[in-house]
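*Asks:* Go ahead and model the full structure; you've got the sequences and the hints to work with.
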Amino acid sequence: DQQVKQNSPSLSVQEGRISILNCDYTNSMFDYFLWYKKYPAEGPTFLISISSIKDKNEDGRFTVFLNKSAKHLSLHIVPSQPGDSAVYFCASLSYNTDKLIFGTGTRLQVFP
Amino acid sequence: DGGITQSPKYLFRKEGQNVTLSCEQNLNHDAMYWYRQDPGQGLRLIYYSQIVNDFQKGDIAEGYSVSREKKESFPLTVTSAQKNPTAFYHCASSPGVLMNTEAFFGQGTRLTVV
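Line by line, the protein sequences give chains A and B. Sequential numbering of the first sequence, starting at 17, is according to this note's numbering. Sequential numbering of the second sequence, starting at 100, is according to this note's numbering.
None of these hints come from the bench; they were simulated from the model.
Pairs of lysine to aspartate or glutamate residues, derived as DMTMM-like cross-links and limited to a Cα-Cα distance of at most 25 Å, are as follows: (1) 53(A) - 137(B); (2) 87(A) - 40(A); (3) 108(B) - 58(A); (4) 156(B) - 47(A); (5) 21(A) - 137(B); (6) 21(A) - 158(B); (7) 156(B) - 137(B); (8) 53(A) - 129(B).
If you want a taste of the chain B side facing chain A, the calculated C-beta under 7 Å gives, among others: (9) 130; (10) 141; (11) 142; (12) 149; (13) 189; (14) 201; (15) 202; (16) 204; (17) 205; (18) 206; (19) 207.
Just some of the chain B residues that point at chain A, by a computed CB distance under 10 Å: (20) 155; (21) 157; (22) 158; (23) 193; (24) 200.
Just so you know, even glycine gets a beta-carbon here, dropped at the ideal spot from N, CA and C.
*Replies:* Next up, the structure:
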């Protein structure tokens, strides 16, 4: 039972354009959401997060949007750069627990 | 210099042998995690610990065991009961549930069983 789903395994975007990565979740108890970036043979690194009391959080080129009624969040990267090419994971924390659940990841490729 | 350390980065073992992966953090974090990643797949939770001397099974705990005798250490043992142990293993830590902040990851350990 996949509680956090990233239905697009890959995404290809031209440099300078917007990258939109999507994530859906099924557990209404999730109240904190995170995005991580991962390069091959390295550990994931934190990008940006959002609490369920918000619907948007922005940090530089990265913006995360949360739609609680749809149980959907998305990560926007504007403008996309070649260095953004990596695998992106969304993750969720349940209310009152430390169980951190990850999605299956989306491989982003930004081409010149 | 605070961080989370996994060692070694690459590990080879013969089939049927138990192997223990090390994870140490000096961030004073309460919560620690172990994840497994297979090629083309996401991070699947093996075990997690919210506090010393306590841990819970994740989604794929069969064939693995952990201990949390010290706050800074959360070793993972891959036992011979794990049918497909070859994978990339990631350890992470976070301040804990009341902090609602990100988890920090180590560099990972690539385990190959031959």
